[in-house]
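Put chain C with the ligand on the given structure of chain U with help from the hints.
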Amino acid sequence: MTTRDPLLASFLGHLLPGDHNGWPTASTLHLARRFREHVTRTPDGTSALALILDHLGDGFMKRAPDDANALLLKFEEEAPDEFERLVVAAYSVYYTDPGVLAAVERLTGYEARPPQPLGHELEPFDEALLANVRRREPFWRRINDILPSDRE
Amino acid sequence: MRNAPETADIVIVGAGASSAAMAWRLSGKGLKIVVLERGDWVDQHRSPSLRPDWELALQSEYHANPNIRRAPADYPVNEVDTPIKPAIFNAVGGGTIRWGAHFPRQHPSDFRVRSLDGVAVDWPLTYDDLVPYYDLNDRMMGVSGLAGDPANPDRAVRPNPPLPMCPATRALAGGFDELGWHWWPSDAAILSVDDANGRSACNSCGPCGLGCPRYARASVDVTYWRSAITAGIELRTGHVVRKLEMGKVGQVNLVRYINSNGHEGTISSQVVVVACNGLGSARLLLASGDGDRDGDGIANASGLVGRNLMLHPTAIVTGVFKEQLKSYRGPFASALYSQEFYESDRERGFVRGFQLQALRGQGPLSTALGGYMRRLPWGTGHHSRFVREFGRTVSLTVTCDDLPESENRVTLEPGNRDRWDMAIPRMYYRLGENTKRMIAFGIDRAREALEAAGARDVVVNPLARQAGFHMLGTARMGLDPKSSVVDADCRCHTVDNLMIIDGSVFPTASAVNPTPTIQAIALRAADRLLARLGMPQERAA
Ligand SMILES: Cc1cc2nc3c(=O)[nH]c(=O)nc-3n(C[C@H](O)[C@H](O)[C@H](O)COP(=O)(O)OP(=O)(O)OC[C@H]3O[C@@H](n4cnc5c(N)ncnc54)[C@H](O)[C@@H]3O)c2cc1C
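Line by line, the protein sequences give chains U and C.
Taken in order, the first sequence gives residues 5 to 156; the numbers are from my numbering.
Taken in order, the second sequence gives residues 558 to 1098; the numbers are from my numbering.
Looking at chain C on its own, in the form it has when it is part of the complex:
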């Protein structure tokens, strides 16, 4: 006789940025909510940034590419057919353990791409639908910044004042001013002042991506998860979900997992929420279904699960200055941005637009290895080149809106399995023609800005490769079940107790870092779920 499976009201798979926001919003209502996360907790009080060899960690245990990092919780990804390699982190906190915490919002026009620009699709949501959730999320994450940016709709006073500038970013701002171009200090999920919950203000150490022992840089393990767990959410680490099994009535019946002791278990849940990011969620859905091994995929009547992968192709343009700017001081990715070229202007030869985001300089080893530029030469010229570049650089990303293309996708390799006996995912991605024109135009503008700022050399990396940070689009939302996987509330059209809440649901990519929007969507989806369950909701704003 088989044991009856454990039961829950809601199971959430993954404990990253989206999951944390949703779980917190659902907590304290008397629901039994179990979160299954393949990774473990990361002790940020023991961040490598406290060690003399901290820069080695960026090449190894903190490398963003799971194929290089190869940590116990990582799964391999076939990346042969994509020039942009996967960048994820499998742990409680997901990508926010490793991220730069740049925290911009999408523009209203990003939600009406088809109607305004005649390409791709519209979102079934508007900017206004998300504003209360953007605001709530800003407070939960502890955002620093400044309202009043003319490139964006006005927004509430930021929870904390903006982070400091440094000589390098001041020079850059001067360059934008000289050209008459827009720039604005970034909204950053990094505290500029101490908060009341034991998080300290940023001390400008630089490598936010190594975790933050001060908890100044937000990651959801220190923001949402603390409160969610206090309010009764059960988060189980070391639990790899291998499969979602369908029952007889067109609903997910069982969540099948294997834990770090090798124990295989199942949970039967009223609602199942998938939050494994644009790569991991597509993989899990494609591997699910009936039967013992791989199914045929679930929630996939549209055939769109895994398709329309968008990765924000990014060029990095670096200015080398004559002066020693000590540009390695300050959060590496959260300083300022320009959205001068964000909105469509067909005269530029492409539709949609891009964001220029400032990146500060790097430590000695990263500089020698090329940082955002090229590796320094070996031999007699090495040391003088190092002195010429170290601390004297500031870069601009050209972060491009990425149009959905059906051929860009995540698939499974059934014959190639990981140590949890799951088929490994394969990424297939090519840059579209529109993007190629946009990136070329953006590189020229970034060069102009850096020259206006006073750079004596400008070095172009035309496509950042280890930069698949933003995995979007692989289970998109929409009104029509034939052309989308979930509805505006993140509920699968064809499996009504299944939700997908991460960046997979983005119909289009916009040109900004996605996490504020991912989390706002997850918070809103939580409220819509509570309404469906007849549970009380709190006001978002």
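If we strip away everything but chain U, and leave its shape as in the complex, we get:
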């Protein structure tokens, strides 16, 4: 943990605040650490991180929610590319966190496991679905014996 992680955690909590349906907030120190590590591995991530920390200042954590959001909106407007990088990194660590994936499972029916090796069961193709389109006559253009033109 660095001394700035609490500030980062607060920033993440504003981006992904969680809700009463069971979405966890992103404002945990564990996500702050992953976020910091992740964003500094992405192109221009380190400078974006420095910029936001500077912009927010230590007072950010004490601001009222509306006030804090207004500050973030201002940053988004002034430094859209840097802000986008930070949002992408925030979503990246949030949606690969086991706790968040468990919430996705609970709230949407998604299976919170890697796609492989289990995959998913789908019903075999039902050719009856093609009844309409099978009534169509072939409609591709025939070229018969047109020799290639060398015109341009």
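Be aware that one or more of the hints could be misleading.
[As the list claims (entries may be wrong)] Example chain C residues on the side facing chain U (calculated, C-beta under 7 Å, incomplete):
no., residue
1, P609
2, W611
3, P665
4, R671
5, S672
6, P681
7, C723
8, A730
9, A758
10, N760
11, S761
12, T794
13, G887
14, L926
15, T937
Hints listed in this document are in silico derivations from the structure and should not be mistaken for laboratory results.
Quick reminder that beta carbons are idealized off the backbone N, C-alpha and C, glycines included.
For chain C with the ligand alone, kept in the frame of chain U given last:
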């Protein structure tokens, strides 16, 4: 005293889709064939799709854009002057490591664009010339699908039955039916049943682009290369070919490479085949010639090497449905397509046409990042928007035929070199007026189809940016050496022991994914080469 260079009968540069097909077809005939590939093997049994953080891989080591991925084998590409960014994969298997395996064929009319529609050029080949090779390639890649599509000429019974549909693609098919529009289950280079060579049937996991640990989704490392290497082809990884050097008699004399140990070497070969895709091949040809550093380019008497770059501009239109469809289940890009608007109809305000290809939904992270739509908002509204969209979307690509324009091109930046001391390539690309009209029309049709399917919202991405998957046209084939680089057999008009076999040789782009055609051309070129060398050939079909 200098050592004599190594010799070979045939050197192939690149080990992607086209190279694999050709090398396999040439194998087992007693020829010394050496393949030089800049990348390495990818162990698909360790695909990120087995990891809990699999979606991060799509943002990093499996990102399709080499400038973002920055893997050791990648070269930088100047992409400032193109709205459509490069999407390639530098490894044994090339783009097929990363692809969606949608496997359509061109139409007969795609080979006679000038004669039928009065624009661009005709191909020196016909659809019928390629049919035996399309069929052979389908068997080698293990294609699943269904014959009988009225939008296309009839074709042989598909090697495997079609892949399953899912609730989302069934809804889409219903939308097309309601409008009376064509749709058909995709030919996919993905197995629907186990094969006899250790590849298992698809289990509908979704992200084919991360490699397939079951080998269900074909990639040429697990199809062609296995057989080609068993039959004696020598494939050397970590070998970056920097230059082809001309000899005195108007032939390529030497292939210059640098390997991953930093060792520089040369091979002298009777025939040299370039298969580095529409970007990499143009780059290599432009960097070749005489002298130590960049040459003036070879095989370029027409001035067309690098020109006529075509990229299949693609819009993506997404329907958001009320029901939870679990649309992330099933191969992301291979489900069904509509070719209702494929053939030209001037009343639409443009010539040529487009394909609508279904794309399934994505995982949680990709959904939050916008997937085929826009990034979800941050803040209090985020979670409800996620629930409203995740698993409830299906998209249609509007994949446009792209007419060749000389200004759209790949050039070199001599002052800007990569770590192998090669000038980096620069892409210059603008959408033509015909394409702009086509894409606008196609977006409206895709919206109609999704609304008919029952979508409650439709979201349009008017131009997919990280989508330069289909690099075509930069060394086109033709009859006339003044207006083309290679002939119908992929042999350079002006350098008769040099062949180019990848998508560079496409005179026009068609509106379908190109790999079946690229591979059919490569298989045919192999047969024509064997005939020139007086070697026995097998029947294709
Ligand atoms: C994300 C994605 C999705 C796609 N989906 C589909 C799809 O669904 N259907 C479809 O038909 N197509 C699809 N494609 C396109 C398909 O991958 C390409 O059409 C196909 O791979 C092109 O084959 P190729 O042989 O021309 O080139 P590639 O497969 O790109 O192979 C070129 C090879 O050359 C090597 N190389 C380059 N330069 C050098 C050098 N100087 N020295 C040595 N080696 C070199 C590269 O490392 C690479 O391995 C997709 C591509 C991507 C990236």
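Which earlier hints turn out false for this structure, listed by number in ascending order? Hint check: 9 and 12 fail, others pass.
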